[in-house]
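Protein chains: 2
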Amino acid sequence: MASRLLNRRDVEFMLYDWLDAERLAGRPRFADHSRETFTAALDTAEQIASELFAPHNKLSDQQEPHFDGARVSVIPEVKRALDAFSAAGLMAAGHDYALGGMQLPLTVEKAVTAYFTAANMATSSYAFLTIGNANTLLKCASTAQVEHFVRPMLEGRWFGTMCLSEPQAGSSLSDISTRAAPDPDVPGQYRVCGNKMWISGGEHELAENIVHLVLAKIPGADGKLVAGVKGISLFIVPKFLDNGERNDIALAGLNHKMGNRGTTNCLLNFGEGRHLPGGRSGAVGYLVGRAGQGLLNMFHMMNEARIGVGLAAAVLGYTGYLHALEYARERPQGRHPAAKDPSSPQLPIIAHTDVRRMLLAQKAYVEGALGLCLYSARLVDDEHTGETPEVRQRAGRLLEFLTPITKSWPSQWGLEANNLAIQVHGGYGYTREYNVEQFYRDNRLNQIHEGTHGIHGLDLLGRKASIHDGALLKTMAEEIRATVQAARNTGRGADARQLDAHASALDAAWCRVEQVTQALYAASDLNQTLANATVYLEAVGHVVVAWIWLQQAMAAVAKLPEEDSFRRGKLQACRYFYQWELPKVQPQLDLLAALDTTTLDMQDAWF
Amino acid sequence: MASRLLNRRDVEFMLYDWLDAERLAGRPRFADHSRETFTAALDTAEQIASELFAPHNKLSDQQEPHFDGARVSVIPEVKRALDAFSAAGLMAAGHDYALGGMQLPLTVEKAVTAYFTAANMATSSYAFLTIGNANTLLKCASTAQVEHFVRPMLEGRWFGTMCLSEPQAGSSLSDISTRAAPDPDVPGQYRVCGNKMWISGGEHELAENIVHLVLAKIPGADGKLVAGVKGISLFIVPKFLDNGERNDIALAGLNHKMGNRGTTNCLLNFGEGRHLPGGRSGAVGYLVGRAGQGLLNMFHMMNEARIGVGLAAAVLGYTGYLHALEYARERPQGRHPAAKDPSSPQLPIIAHTDVRRMLLAQKAYVEGALGLCLYSARLVDDEHTGETPEVRQRAGRLLEFLTPITKSWPSQWGLEANNLAIQVHGGYGYTREYNVEQFYRDNRLNQIHEGTHGIHGLDLLGRKASIHDGALLKTMAEEIRATVQAARNTGRGADARQLDAHASALDAAWCRVEQVTQALYAASDLNQTLANATVYLEAVGHVVVAWIWLQQAMAAVAKLPEEDSFRRGKLQACRYFYQWELPKVQPQLDLLAALDTTTLDMQDAWF
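These protein sequences, in sequence, are chains D and L.
Heads up: take any position in the first sequence, counting from 1, add 743, and you land on our numbering.
Heads up: take any position in the second sequence, counting from 1, add 743, and you land on our numbering.
I should point out that these hints are in silico values taken from the structure, not numbers from a laboratory.
Do not take every clue at face value.
Which copy is meant is left open, because identical chains are indistinguishable; a pair holds if it fits in one copy or across any two.
[Claimed, not checked] Straight-line alpha carbon distances no greater than 30 Å define the calculated BS3-like cross-link-like pairs of lysine-lysine that follow:
| no. | residue 1 | residue 2 |
| --- | --- | --- |
| 1 | 1217 | 882 |
| 2 | 882 | 1302 |
| 3 | 973 | 1083 |
| 4 | 1327 | 1217 |
| 5 | 882 | 973 |
| 6 | 1083 | 967 |
| 7 | 882 | 801 |
| 8 | 882 | 822 |
| 9 | 1083 | 882 |
| 10 | 1217 | 1083 |
Isolated chain D, as found in the complex:
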C-alpha cells in the first residue's frame, strides 16, 4: 500500500523538477549535499514518521496528556518517537556542522518536516517548537547562551517553548504584563513574574529540561512597565537551573482542545512562589539580546513558525486527501445518473463526478498549499545563501510579502480539504473509527495560532503591501509577470494552449490586485483601508496560489513529457484551480475596490 502520509513522487517533483533543490548543493554551505543525501533524509523521515509517529496519532488524541496537579503524564509512544527523531539527528537537520547539524537546505528540511507533521502533528510539535526556539537563540543570544541552551536542544536532550500570550493579552502583545526585575542577589540575572497562556509543550517529562523563551517587561526606575511593544524584552527561563533546582514556574492548568490534543497546552505561572530557587520566589531568567528588543528577536522565530504552521495545515490536508482517495477507490456505491440499471454492480465512488470534484479540489488545495510552503522555504535558502546580494535581497522581499499568505492560505484551504475528506467518506468519515475527522479537528487550530487569520490580513494589507514604498508588492509583481511570460513559452499543443490561457488569467487577476491595492490606499481613513483586510488576504492568497499552480504545471510539462499520468494530474489540478477557484477572487476584489463599509458601519446595538 502506498503511503497515506504524502505522495513521495509529488514531494520529489516539487523539490527536484520544480524548485531545483539540487542546484542548492552548488552553494558552499550545502557543498557536501546532493540529491542522494536529500533522498536519504527523506527516506529516514518517511520511515520514522510511518513507524513511530503515525501509529500513535489516534491514541494520543484519545488519551490526551493528563495533569494530576503535580505531574503531567503523556503516553510513552510520544517520547519513543521523539527520541528516534533526535537520534536520527533531525533536531539539527538544518544547523551548522559546528553545532552537530547536517546543514540541509531549509527547502529539504521542510519536506522532511512534512512527513512528521502529516503523521502526527501533536507529537512532532514538541520537536518543531524546540527547533524554533533554538533558531531564535541562534539569531540573538550570546555565544555562552548558545553553548549552554541551544546545544542540548539540538541534541534533543532539552526541549523549548515560546511564551508570548497572556490571559489578558492574546493577539495584543503590547499589553503583556509579565515583569522581569533584576535579581537582587545575582547581578545580571532577572526574576520573572507573570502568567503565560497557550504555551504549547509548556510542561511534560519528555526531555531533561525545558527552555522557555519568555517575553517580559523590565520595570523602569519608577517600578512601572513601559506601555507598548517597546518595553518588551526576551528572556530564557529554564524549568531546571544548573544546580538542579526547580525554577519558579508552575503549571496552572492544561487547556483541553478540540484537536491537536497530544501537545500539552499550558497556562504557566512564572514567579508565583511555588518553587524558591536560591531561596526566593520569582522565576530565574536570563536576558537574551538587548533590552527592549524582545519582540523583534521573537519575530525571527515567528516568521519561521508561520511557514511551519502553513506547512502543518497543508500536510494535514494532504494526508486527509490521500485517505479520501484510497477510500474512494475501494468503496463501491451507486451508479452513473444515465445508467441506473439496479442489477448492474455498484461503482467505486471515485467514478461519481461529485466525488471526483471533492478529490480534485483537495488535490488542488493541498498540492497548492504544500507548493507554497516549499517555495517559501526555498526563499529562505535564497535569502541566506543566494549567489548574489540581489538574489538574497529579492528573496527576502518576496518572503516578507508571502509569509502571511504562507501561514493563512494553507490554514484555510487545508482545513477545507479535510472537510471534503470527511464528506468523501460519508458517515464513516464522521466517526472516530476513521482518521479524517481527527485531521479536521487538528487542523482547525492553524487559523488561530501564530497570529489569527485576521491578524495576517492586517499584516499583509497594512504592512507588507505598503512598506518600503510598495517594494515588496513590486517584487511580487515582477515574479508573477516573469512566470506569465515563461508559461507562454512552455510546452506544445494542448499543454501549451492550457498554460497560455492560465497565464492570461493570472496576469489579469494580478493587475486587478494592483489596482485594488491602490484604491484601498487612496482612502483617506486608515480604518477604512484596513476594514476588509481579511478579504484582501484571501483574494491575494488565491492569486498567489494560482501562480504557484502555474509554476507546477509548467514544470510538469517541461520536465515530464513522458510521465503521462503524473503530468496530466498536475495539469488537471491546475485547470481546476483556474476554472473553479481563481474566479472566486472577482467578487472579493470588487468588494475591496468599492471600499465596502458594510462591516465598518455595523453597530453593536444592531446585533
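Please arrange chain L on chain D, whose structure you already have, making use of the hints.
Just chain L now, with coordinates in the frame of chain D:
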C-alpha cells in the same frame, strides 16, 4: 443574561411580523389557537430547553453512550429531559386532538423545536426521530397500527427510529439486502433479516419500547430479492413484542462520532438469532402500507426530516453566534489601527471591524437559515391547510423545490457560522472549556445525514428543476418576482433605496439561474448536465437565501418603523448578504453556464 439559545425577539419577528403565523389561527384546524397559545408554547420550550436540555449538552458529549456488550448506558439527564418534553405534550405538539395532540401549526412547532435543538441536538434527536417515525406511520399505516404503535410514541412512552442504510448501501438504497420473508407460523407477519447501519437512537433504555421502521425487500417466488427501489417495502419491527418477548434485533456496535455524541448511533443486526421470538430466529415485522411502496412511504418522513436537519444546522449556528456575540462584547483586546496609543485601554473585540465582519456573517447565515426553515414549515402548513386548492398546490410545489435547499444550505452555512464563532473566541474557542467547538463538531453531521450534500444537488438539478415540465422552478420564479415587485414598493428614504437595490440584484441573479438551468438541460448528455450539480445547489441556495433576506428586510421596514436597532440590524445583515454573499454566485453560475467538464474529465489514474 439574555438566552444564548436563540434571540426570542427574532423568533417572534419571523413568526409574527414576517410569516404572519397569527393568520393561521383563522384556519379550522388551528381555530383554538392564537398568538397567546403560540407564545405559551414558545415559553414552555424555552424554559424546558434552558433548564433541562442545555445544562447536560457538554456532559453528554464528554460521557457519550457506552455499550458494554449487553446494555447501552446513557447519562440520566437525557431521560429526565425527554420525560419533561413528553410531559409537556410536545411529542404531539402538531398532532390531532384525537391522538392527544395540540394541533399547533408546523410553523410554530418548528420554532418550538428550534429551542431544543439549539440547547442540545443530541438529546432532542431522540424526540424528533420519534415524531418523524410517528408522522410516517400516520401517513401510511393502518388504523390498528396507528393505535398500537403511534399512540405510545406520541405519549413519549415508546421511541422510534428509521432504519434505511446498510453497510454496503449508504446513499444507494436500491442496493439494500435486508429481507422480510413471510413468517411460516403467523400469517400476515414477517421475519426480517439483515444489517442496518447509522441507526440513530437504535438502542437505549430511555423508553419502554423502540419502534424501528425498517426498509426491507420481500423475496419473490424464486427466493430472490428484486433489484432496485421497486422491491422495497416498509416494516414496523419493535424492540419488544406484545407479549414482552425481546425481538430478534441485536446491537452489533455503536459508532463513535466526532460530534452529536449523545445520540446513540448503531449498527443493528436484524434476525441474526440473538433472540428467538416465538421460538425462532428472525425479527418479527409488520408490513406498513403496500408491498413495494416502502421508499415512497419513507419519503414522507424524509422530506420532513430534511427540514429538521436544516433547522438543526441553522440553530446550532444560531446559538454559536449568540455565544460569539456575548464573548465579543465582554473580551477586551487591542485597539483601532489608527489609534494605537498603547497606554489607552483595550477595546472590547466587537469594536474591531474584522470581528464585526465575523459576527455579521454569522448573523446573515443563521437568521437567513432559520428564516428559510420556518418559511418551509409555513409552506407545509399551507400545503395541508391552505384556504384554496391553488394555495395548497402552490405551497406544495414551492416546498418540493426548496426542500433540498432547506436541508443543505443551513448545513453548509450554519457550520461556517460555527467556524466563525470559534474564530471570534480565538484560542478559547478551540478549547472544550468553551461551548463553540462542540457546536462545530455537532453541526458537521448535518451535511452527511438525511442525504449527503451531493445527493441534494442531484435532487435539485436532476429532479426538482425539471419535473412537471419545470413547474416547480416556474412557481419559484413567480414567488421571487413577486417579492422583487413588493420590495420596490416598501419603505421610504434610505430604507426604500436599499430595498430597491437589493430587489434589482435578486431579479438579475434569478434571471441568471433560469438561463443557466436551460443551458444545463440543453446539454445532450445527462452525465454532463449533472456533473456540477453541487455547484448548482449552492448557487441556487444562495439566491434563495438572498430572497429570504429581502423578505425579512421588507418585514422589518414595513412592520417595525419605530424599533430602530432591530430593524437596522435586519437591514444591515441583509446588506451584508447582498454585498458580500450574493456576488459569490456569479463565478458559480459562469462555471455552470460553461458546462465545465474539469471534474468530469478527471481520470482516476491522474490522482
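Taking the hints in turn, this is what the structure says about them:
1. 1217 - 882: Within one copy only: 28 Å inside, 68 Å across.
2. 882 - 1302: Answer is neither: 38 Å inside a copy and 65 Å across each miss the 30 Å cutoff.
3. 973 - 1083: Result: close only across copies, 13 Å inter versus 70 Å intra.
4. 1327 - 1217: Result: close both inside a copy and across copies, 24 Å intra and 29 Å inter.
5. 882 - 973: Classified as within; 19 Å inside a copy, 73 Å across copies.
6. 1083 - 967: Answer is between: at 20 Å across copies they meet the 30 Å cutoff, but 77 Å inside does not.
7. 882 - 801: neither (36 Å within a copy, 46 Å between copies)
8. 882 - 822: within (28 Å within a copy, 61 Å between copies)
9. 1083 - 882: between (65 Å within a copy, 29 Å between copies)
10. 1217 - 1083: Classified as between; 28 Å across copies, 56 Å inside a copy.
Checked against the numbered hints listed earlier, the structure breaks hints 2, 7; every other hint is satisfied.
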